[in-house]
Each structure stands twice: as C-alpha cells, then as structure tokens.
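**Student:** One letter stands for each residue in the lines below.
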Amino acid sequence: MEKEARKKTSAKVMIDLLKKNGVDVCWGYPGGAILPFYDEMYHSDIHHVLVRHEQAAAFAANGFARATGKLGVAISTSGPGATNLFTGIADAKIDSIPVLFITGQVGTKDIGTDAFQESDTYGMSISVTKYNALIKDPDDVARITQEAISVALARRQGATLIDFPKDVQAAVTEVEEPGEFQIEEYHYKNPPVTGDLDRLIDALNRSTRPLLYVGGGVISAEVSSELREIVEKANIPVTSTLMGLGAFPGQHDLFVGMLGMHGTGYANKAVMECDLIVSLGARFDDRVAGDAKEFASQAIRAQVEIDPAEIEKRVHVDLHVQGNLAEIMPLLNKGIKKAGREEWVKRIQTLKEENPLVFNRVEGKIKPQYFIHRLSERTNGNAVVATDVGQHQMWAAQFYAVNKPRNWLTSGGLGAMGFGLPAALGAKMGRPDDDVYLITGDGSIQMNIQELATLKMYNIPVKIILFHNGFLGMVRQWQELFYGARYSSSVLTDVNPDFMKVAEGYGIASKKISKADEIEAGLDFLIDSKEACLLEVMIPASEKVYPMIPSGHKYEDMIAFDPKSEEGEPFSVIPHKSGGGK
Amino acid sequence: MKHILSVLVNNSSGVLSHVTSLFTRRGYNIDSLSVAETENKGRSIITMVVNEEKSMIAQIEKQLYKLMDVISIENLSNRDSLERELVLITVKVVREKREEILSLVDLFKAHIVDMSEEAVLMELVGNPRRVRSFIRALSEYGIIRMARTGTVSLPFPSAEDE
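Note that the protein sequences, when read in sequence, are chains U and F.
Going by this note's numbering, the first sequence opens with residue 353, and the numbers climb by one from there.
Going by this note's numbering, the second sequence opens with residue 5, and the numbers climb by one from there.
None of these hints come from the bench; they were simulated from the model.
Any given hint could be a false lead.
[Unchecked claim] Some chain U residues well away from chain F (every beta-carbon gap over 10 Å; in silico):
| hint | residue |
| --- | --- |
| 1 | LYS360 |
| 2 | PRO382 |
| 3 | GLY475 |
| 4 | ASP489 |
| 5 | VAL524 |
| 6 | ARG551 |
| 7 | ILE652 |
| 8 | PRO660 |
| 9 | ALA678 |
| 10 | GLU695 |
| 11 | ASP880 |
| 12 | MET890 |
| 13 | ALA893 |
| 14 | PRO922 |
[Stated by the list, open to error] In silico DSS-like pairs for lysine-lysine, Cα to Cα no more than 30 Å straight-line:
| hint | chain 1 | residue 1 | chain 2 | residue 2 |
| --- | --- | --- | --- | --- |
| 15 | F | LYS70 | F | LYS58 |
| 16 | U | LYS372 | F | LYS70 |
| 17 | F | LYS70 | U | LYS422 |
| 18 | U | LYS541 | F | LYS45 |
[To be verified] Beta-carbon label-pair distances, calculated as ranges:
| hint | chain 1 | residue 1 | chain 2 | residue 2 | range |
| --- | --- | --- | --- | --- | --- |
| 19 | U | GLU918 | F | SER59 | 41 to 51 Å |
| 20 | F | THR28 | U | LYS853 | 42 to 52 Å |
| 21 | F | SER59 | U | LYS686 | 32 to 42 Å |
| 22 | U | ASP466 | F | GLY46 | 26 to 36 Å |
| 23 | U | LYS916 | F | THR28 | 48 to 58 Å |
None of these values were measured; they are calculated from a predicted model.
Beta carbons are placed, not taken as given, at the ideal position from N, Cα and C, and that holds for glycine.
All chains, please: the whole structure from these sequences, using the hints.
**Tutor:** Right, here's the structure in full:
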C-alpha cells in the first residue's frame, strides 16, 4: 500500500521533471486530450499562462527563450490545438531557439481512427523539430521528457515535441527518473572542435581587411564579451545577420550594421572590400548571400559553425572550424594578435560617411525610419525590441542600434507575421525589469491581435508601436518595384479596424499620432507608461525599405535610395557609431 | 551519380519517416530502399540507392546524422563492396518459347520456383547489373508481375587489407 501511494501519474512525472530542469513558466491552451496534464498543472507551481490562440503560446515560449536563453515551453491539446502550434514550431526550428512543445493526443486505442480532434502530430512534426516522440508507455515519460529538454538546449538549439496521449497522461508509473537515454550521445553533448582553427587564426592575423560576419549562433553560445574583446584588440569590423543583431554593440565604431538584402550600404560595401570574411554562427542564407557564388568572392571565406550540415550548404568556404563557439572563441582570442589596422578602420568610417541610411523627411509627415531612429536614441539602444515581419522589421533592424545580446527578437528564418506580440509578451515575462517594445505593422498585428487580452489579463507592460500604412507594406514594395504597381490583395486602407477602439476594447491604454511634431509626445507616452500600451503611428504608404539587393543578385547590384525619386528633403542617419545617431 | 547509402538506425516506428522526409522535402527520388533488422535486434539497416550530385549526397549525409535514430551512415559507393538484389518475376510462356526461357534461367543462374500452363515464376539473386540484364532479357516474353528487393550492400572485409 505504501508503494501504491508513491506512484505518480505520468503527467505529474513530466511536470516534476520540467520543474527540475528549471522551467517555472509556460504558455498554453487546454482542451480535451490534454486535460489530465492540466489537472496536474493545477497543483504545480509552474506558472501557466493562458494565451488566446495556441500559435501565440508557441511564439510566447519562443520570445521567452530568445530573451532569456532558457528553455521555452508551450502546451496545447490534440488536433487543432497542435496544428495551431506549428508556425511557432517551425519558427523555433529554423531560428534554432530552444522550445519544448507538449501536445495532447487522443487515447492510444483511438490513434489512427480519425478520432475527434485527432491529428498525426508526431508525423507532421518530423520536419520541423530536432526531436519528436509519441509516448505510448508511461514508463517512458521521464526518459522522453529529459531527452526532449536536453536535445532542445544542446548543440545547435531548436524545437522538440512530445505527443502525449490522454490515457498515458493519466496512467501511473513508478519510473520518475529519466535513466539511460536511447539516443546517441552526440545529440546532446558538445561536438569537439575540429577543422582549420590554426589556419583561421593565421589568416586573421595576416589579413589587412578582415570582416566578422556574426549570426544567431553568437547569441546562443553567449560569447558576446569574447567577441568584443577580439574585435577591439585586433580592430576587426563586424557585420551581423538579422538574427545576430545585439551580439555586438550596435553603436560601436567597428560595427557596420546588418548585411544582405536590406543591409546597410556600408556593411555591404565592407563585404565587397574585405580580404577575409569570417562567419561566426551564421549560415549564408539567401537573404545574406543572394548570389551564393559571388558572395564576398574576392575574399577568403571562413566559417565557424556548430552544425556540420551548415558547412558548404550554400556557399563554398575556404576554411572552416566546426564546434561550439563557447569553446572556440577563447581559442581564437588566444591566437589573435593585437593589431591596429588603421587603414581598414579608417576605410570603414569612410564607408559609413559615404553610404549612410537615407530617407526623405516630408513636412508634417511621420517617417517610420525617423521614428525608430528617435526610439533608438531615446532608449540608447538598450531596450528589448521585438518585431513582426515586413517593412517595419527591416526599418527596425536598420535604425534601432541594438546594444545587447538577447535584446532583439525577430522571426528571422521563417519570417512569420504574428510573431511579435506574443514574443514580446513572453520576453517581458522572462525579463520583467527590462523595457520591452514591440514594433509591428497594421498587417502583422492582426495575425495575433487577440493576445492583447493576455497582456491585460496578466498585466504585462509591453510597449507596442503600431506602424499603420494601410498596406501589407513589404508586399506593396515588391509589387511596386517588380509587379508594375499592381497591388494585388495588399491594400488594407479603409478596411482596417479602428485600432484605438480595439485597444480600448481590450483595456489597453492607447494613443495615435499622425504628424511629425507629435513624435516626441508619442515616445513620451511609450516610455512613461507603466502598463501595456499601444501607440498607433500613421505613416505614408509609399515608404520603401532601402538599400535593397534584389533577390538572388550580387552585392554590386544594390539599389540605394534616390532622394530625387520622392518628395521631401534627404535625411541621413548612421546609427552604428559611438553615440549613435546623425 | 549513383550512391549507395547504408544507414544504421534504431529500430523504432518513426525512423523510416524521418529518413525519407529528408529526401521528400528536397524533391530527391530514392531509386531503391530496403530496410530490415540487423544481427542486433534493436537495430536496422536502411540501404538506399540515390542518384544525385555528390554535394547533395554530402548534405543529405550530414542531415541524416542529425536524426535521433540514426547511428551511422556509410556511403558504400566510396568503398569496395558487395551489392546484391533479389528479383521475383513471373513471365508468360508459350510452348514454343519454353526452351529459350529455360536456357536464360540457366545462363543467369536463376531458379524456377513455380510454373503453370501459361506462366513461370523465377527468382534471381545477383548484383544489380545482372538483375537488370535478366529482366531485360525476359521482357520480350512478356513480364506479368515483378517484385524487387532493391539493393543491399556490405563492404568487403578483405578490401581493408589490400
């Protein structure tokens, strides 16, 4: 009898293991096939946040993981609950963010019978997870849970999923400890450092015009301080992918901002002029190296990467080092010699001055670039900034000089609209003492606008900047440039809701600005607010993101903004220098 | 170029889906696929024949290593190895062609397993080239049904010594 009393349900075993692994908050939405699990959650001190759509649970867990470096956890029921998670699962996979997804499943006897709310979650999640499992035996729960947690956080991080049938959740088990893993060690232990490390150090020491190209891997590996040490010691300029923003201080004189399709002119020119480019935790994706053959082809190309499958995937590299940056960066630091590189550093400053970010200011109108530039100045680049996807995302990447790692949250690889609001919510819950801003658009916010209710319910003070241009702006830009200005299904003008009333309906404080002289008051409203708030910023529909390298093209084909093509007076900004700003 | 990938995996229910999904999403076709348990009960060997460029195969091999149930991968096209395939084939026979068919069976060292008035079922084990030649030789008589195992392969142990 005593033994009986010690038995736990397998749902409880899983929850206890989550707790043991440091999980104290998760996001989810209950439903029929996950009820035994939620019944155990009722007694747990893990804080469960009820979102208003499962996709938001996935993005909130994702935003939390990005902002804190800890494991994110999202929970849903079977069938529609699980399928609603999928955009967020794919996002965590492609951006290598450690998130564990737990989905309810119909009872084991009903699997495969098209039971109510049944979907083949295990089968569907194969290509969007690092690890997935369908638990059939309650005695496997502990092992599978620990495997899923360990794999999500190990090596190249990412999404893992456990599909948990209802009867198994409720079944009792005596196996509370994970025991021996059934997966090979290399899935959860760091890989050894292999490849051309000495040759890379040698190449860096010899190079007169080196450039570091940093990606999300630098943030995952938490090596920003080593990066800064190396850069300042050897005077090596740094460019960053969209995912890598914040890995190196945005306002540093040796930082040239983001490279690639919408990269700064000076970053892209530095790529064209360097004699050695070293990728650190980045993957030469098509937004960076549109023309894979021509990308920095004048330079020696080197790649430092944890995932062997990323080496030689799109771009041929002359040197590569495989392993964890946390181990490699100290070795690089040891080998790299102090150097002045005065000529190259001077050249970088010239490139900045000759190719600033430019847009036209028009009397009375609010330009989104200027607004973000002012936000960057007034928060000194130190706020946590989440974005959605589209033009506002690129303007934010260009004009907000993110100073710290884990302060920039964006759906980089998947480019999932609807990411921003729940991601900001998750981030703020993980970092309650930091200011969290969401920069979004009138298209994106409507993909998860229901989460205003979650902000209100839990009193999460996210500061929302909603750029309203009455268009799906990035779609409009491509249609204007490449599809004869035929705005096919990209017009929201006059059909958008009254966002002030929507915010009011959810009980969120809001303000709307539409004239240039209201910008500072708008920023005051955001900065001073102690609760969740929404600032609607009316911007011109015709505004475009420049510079731009057309898809698949080489860097030489970069299109810079032509101030004569639009009304107004040109205004130049170089966000990436000490002090920031103009 | 033809590649023979020999993939040692845990014998779990989802492993084949995981492996084939890597090919599916890239639109690569698998020419043949064979899966069966090894001497170790918990392990299976998946032998795949794939016709793709070397760089594509290299990428697939690296992606395969990221799958939880994959233990090791060997590209046997890079090594001196034994390749075998089994074909079962039913061919139409008319009296006047019977002798010809029997001599082909002899020539290819195939076996006749069953026979009726109109048809004969044969089996042949051999290297994939011989199997293909046998099928080609029989095709003019009218193949009624055919089933092939696909290639299985192991490296020659003596190749290491040479």
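**Student:** Please name the hints from earlier in the document that this structure breaks, with their numbers sorted from lowest to highest.
**Tutor:** 3, 8
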